[in-house]
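Q: Since each chain comes alone in its own frame, lean on the hints to assemble the complex.
Top line first, the protein sequences correspond to chains A and B. Mapping to the numbering used here: the first sequence position 91 is 91, numbers consecutive. Adding 1000 to a residue's 1-based position in the second sequence gives its number in the numbering used here.
Treat the hints with care, as some may be off.
Claimed, not checked - Calculated pairs, DSSO-like style, for lysine-lysine (alpha carbon to alpha carbon, straight line, at most 27 Å):
{"#": "1", "chain 1": "A", "residue 1": "K77", "chain 2": "B", "residue 2": "K1381"}
{"#": "2", "chain 1": "A", "residue 1": "K77", "chain 2": "B", "residue 2": "K1519"}
{"#": "3", "chain 1": "B", "residue 1": "K1491", "chain 2": "B", "residue 2": "K1267"}
{"#": "4", "chain 1": "A", "residue 1": "K75", "chain 2": "A", "residue 2": "K87"}
Quick caveat, the hints were computed from the structure, so don't treat them as lab data.
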Amino acid sequence: MRRRLAAIVLVLGCLLPLSVVVRAEADPSVSFQEVEESLTCQCGCGLTVHSCNHLQCPSALPLRAEIREQMATGKNKEAILAYFGEKYGEKILSSPTTEGFNLLAWTIPFVLFGIGAMFVIVTARHWVRRRIVPPPPAAPAAPVRTAYDTVLDKELKDFDS
Amino acid sequence: MTDVGSMALAIGWVMALYAVVMSLIGAWTRKRDFVASAEHAALAVWGVVVVAVAALLHALVTHDFNIAYVAEYSSSTLPLYYTVAALWGGQAGSLLFWLLILTSMSAVVLLQNSGRNRELMPYVTATLMLISLFFLSMVNFITPPFERLAFTPPEGRDLNPLLQNYWMTIHPPSLYTGFVGCSVPFAFAMAALATGRLDDIWIRTTRRWTLLAWFFLSLGNLFGAEWAYLVLGWGGYWAWDPVENAAFMPWLTCTAFLHSVMIQEKKNMMKIWNMVLIILTFLLTIFGTFLTRSGVISSVHSFTQSGLGPFFLSFLGLMAVISFALMIWRLPLLKSENELDSLLSRETAFLMNNLVFVGIAFATFWGTIFPVISEAVRGVKITVGPPFFNTVNAPLGLLLLFLTGVGPVIAWRRASWGSLRRNILIPFSIGILGGLALFAGGMRHFYALLSFSLCIFVSSTIVMEFYRGVRARQVMMGEAPHVALVRLIAKNRRRYGGYIVHVGIVMMFLAFTGTSAFKQERQITVNPGDSFEIGGYTLKYDGIETKDTPHIAYLLATVGVFQDGELVETLHPEKRFYKKPEQPTTEVAIRSTLGGDLYLVLGGFDQDTKMATIQAYVNPLVSFLWYGGLVLALGTFVTILPQRAPAPAPAYASGSRERVATE
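Chain B on its own, in the form it takes in the complex (with noise of 0.2 Å):
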């Protein structure tokens, strides 16, 4: 079976490269048959990373040690969820599984594509079956995962254990799926510019693949945030580690894109701009890559490092040469006639909006390639760590917040100030009224009543929007309030699928503000039966006891969580060890609430006095943070609904001077 896996990886390399070729040539030589031969060979990569990838599991799941990558990254012992986990837990099988995804994703879209934009989709096909073949390259010549052992071991060494967790089982996957999303629109902007089909159908056809890949980045960042959570036990989600940062500069930059596009689908303009923005999406996704495999920056979300970060560097060189270049060439056809109505206007929004998203994934990717920087030049190792990101990314953040709720209420094309006071005043208010109430109740930290105001100021005017938009179909239409609620967003997916999604992101920003300006922690060394306080909970230690299985050696404490005297919960804080590789783990356990966790950390025992000494935290909000996730993919969800009849031609169409927005 790993033999037909060895093989098929061959003969997809082979077919990527006769699928580039042949496009390309196809595509020069107005050759439909070359086109369509080329198709036909991607269809076939997809097959074949399919059969290796089926061939690895089996070797997985029948405990073929005698394979290097089976006998690495999996054991016996270890259960089948995670042993089918471990086909991306370690290098070779996550850049197969990245194929198969990559390759499925270009399936879909030549199937997708096969009786329309024509002229686009030999460029398409040879982008994606480009990217293909560097994967492949890889996976056969420099990382191969079916190399044999010469022996056979009796036992494998078994998935990392901080890789033995749902939320990672997950992760991966989600974050793969948002990195190798964002090679389609790229495909299909590479594609116009090689052809000078520059208008916005390549933006149109990839607008649902663009917001699938974002809603992925999305999930994929906040899976890794609940796993290190979970897992790290250091009462935190996000460190601003250089692999969580690479997976959420694509994200930032993604964002500014799916705004930035709407000014180019609604006038024309920012053609250029929306280029650069796909292209550094893309270029970041490999970058991301680049980090997490290279090592060249340590990290706690770093599993896979080896040597391959020369390979990744290379491949982002030449895609950024090659895509700069076209766009460079292209130039004089992506210079478009930009005008605007008026400074005042949405239109100026979303410039700002696109400012402060690029900022941010610049500061961030400054902050994350400035230790190197320092190295070269000066000679001297430095960290750039959690102060660094929080003071410059917070203020930027909170600039954001503020747009993401004056861009709903300034129009498209001119808006007055009259109006922008009349849309604007009852929502700000009500946001500097809730500051007023939270410093009034004793709140001092600076960021975080702005934050809070902010907060309130952009739900606000988004619960101003829907009444708006239910008041008139109740007035034209008759409905009652639920079913103009319900049609309102039927009719009208796109704009309110979008606040729907900043209902989310607002959620977000409630957790970010509770956890990082009123967490609370004490670290306590306790005997059976002592009690310590923290944020309103009493808590008692009641003893450890272990627990022994053939797999993890178990040491579980027992803490009674009392408030206003009453027992209302028992938690166990757990440390693991587990025996294949020798290791230990933190298990934490939580209480969870809508005001935020209490969170206890097993942090030290004595096995003779049972004396141990527990970390105890309380997270405020931070619950807000996986709802708000749940409330944007909701949002995206109704966002990427197909549209069962098309949109009347909205903010240019009329002659009015003045409408409020449509998206």
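The following block holds chain A by itself, in its conformation from the complex (with noise of 0.2 Å):
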């Protein structure tokens, strides 16, 4: 039962920051700067739109009047980011999607966390166990008869006899 309950709490706990990526990637709400920094430049920089900091960037500049356009036809976070990904690909997000394969990203490090820490509390716990329970003793080895103890239990027989 014990073990039971450590599971689950185990896999809430995993999922709890899933449920945090999933929730902020639902947020209606939406500022400038959360879609700068959901975007990747595509200067080379290899930051995000908010952090180039390139003098006339070729590509943070245009980028940055398009979220303001997008903006101010009161599209929420969602959609201008997908307006975003579909004019540009994906590569311009800056972190994967939540949907598809992109799925993968974000679930498999919680999952295989999940696995680890039940493989070390189930390892841990084997491991107690096995100090706690003392090996049974050995018996008493039984003794071994040769040919030989036969004629002899034979012949005391006889004798007694």
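A: Set out below in structure tokens:
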């Protein structure tokens, strides 16, 4: 029972951060900086649109203008990101989407961590039990009987009778 | 001189190959002469690599632009300091520099062990020389540093301006030393597997090497963060860039290893796991180098992309196959009689700590390679950036911080709930009270509240550990508190040095939390004389001036920093325009206090109107990251110092069932 409880707590613990992810993705409110941080600059700097500070950056500057345009239409963050994803491809998003194959990116680390935690707990319990349960005392070795013993028994029996 | 360098590298290649072959033959045939000859060859490899490095340095300093490397990465106007640093500024030079560190460490290992560990040494030599052979193959056949041009250009193309920074001169050497340092425990692990001597000799022999490697990996990561903070000018220090991740992953597994080996030393357990950890750590150092060199994933830190990727990948595969094959072969010997007295023990806390370290390493690895997987499976390029890594790693990092607090107060072998409660109640209460105080003070950021509370909790456990130790010495020895403190640390450097390292880590968590939860930023275009406000500062833009030198043209903005109406500092964020190669760079201006940095970037400007775009950031608590690094260095120094008297066999010697930890 205890073990089951521990497993449930563990799984819930692992799912908690995931729920944060999902909730964060579903948040309808949006700020300019949030959208900037959700998009990757395509100038090769490897930073988000928000972080790229290249002078006259050929990617970040037009993208910022486009974010403003999209925000002006009243779209929520998801819709704006969907627009950019569709127009420029998924690589423009600074993190994988939470659907389809990309869901693996988000779930695998937590799933494996959960499995690892279960393994550690089960292994540790096994090691504790191994320590607590002393090995059964070795049974006294049964005397090995040889053909000679059989003959001797028979002779003794005959002698007694 | 350069011909001497080329010749030296060619000789080095032959000698390294000879050392590998003779070590193995010597070990298999038990011929000491062969082993000695191999060791001499390995020392000779170090000698010839030193000659090659000296030759390249000579070419750089004398501006021999006929050599392609010198022409590519230096110029006659480059200051001497950076001319020397150009040794590791390019592909071939950095591989040569790597070799220098590797063969130097190999030479020290050989000299250290000339009279001990003789059974292990042939395999240690063979492993270290096999790694050297790979790098020697690179610099001999793939990317030779002494390659000559068909003509001599009048001037070199100069070092990448982004690399012309103090931190970039010490970041790569630190990181390389950390990476290469991991080769030493790995080589001993391979020797232990090959010989079947799988007790803790290899771990004890390499403890200081592992600490040293870990120390330099820590510094390398921190120096890289400082460089990014000062040079890239985006207001942050860590962007979860693939190359940053590549340096971070071996640090994680190496830290897990440092904790896990304590269990093997104390209880002869976890032999397989420790092998796995050190193999992973070594492979991750090569993987990191592969990422940096191959260009398979784009990075802001990668300055040396080339076609070396397949070679590194092949070497990575070869070493993985050899090491795991050896491990599988020795599994029957590695399987120890693992036993735990209780689930509530320091050992279990360490198991969980290892799980979290490896969990973070895996999550980072997964996020780093997921774009490649996505492209291979779906044919779609995607980006895995900071939002992913922060979301996945932040909860794990906080769990790790919690364990950092719990670990020291749980006894080895067996703790009772009562003792745990006694040890943890006060620090835990202080942590909770700290969190409540922050909440009452208006803090509402969930992760920040959790992180700060945990930082307070962990600090309290450490302070209490010191307090208990000092009190015990005061009572038993009648020492004054400061004497008791010094002697307490001196008598058990490993344990208390470890606690000091933990203090450094807590300080870093303060910085991570402050900068991620409470960072403020503002971008504004201003006329001379205009003011604007951010984070309690009033900033007054006074204008822009230019400066020209043969090497660089400067644009310097002048910004007065006011607090409560008083001028506290004048900052000069810059744009530099390097003339060779033509490239603009950002030089940020920082007002640094313990509470946080005011960080200014000159984003844009108009020559005619003198208008400037200023990006201003307030990064709370960021100084704790750098000071935390200093404390970490101090703790490692304390830990690494040799202990004069051998430590008494601690936890399991007596009949006492409960004993507060010694490590």
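Q: Please work out if K1491/B and K1267/B have their alpha carbons no farther apart than 27 Å.
A: 22 Å, holds
Q: What's the verdict on K75/A and K87/A, does the C-alpha distance respect the 27 Å limit or exceed it?
A: Status holds; Cα separation ~16 Å.
Q: Please work out if K77/A and K1519/B have their alpha carbons no farther apart than 27 Å.
A: 22 Å, holds
Q: Take the C-alpha atoms of K77/A and K1381/B, compute the straight-line distance between them, and say whether it is at most 27 Å.
A: 22 Å, holds
Checked against the numbered hints above, the structure breaks none of them.
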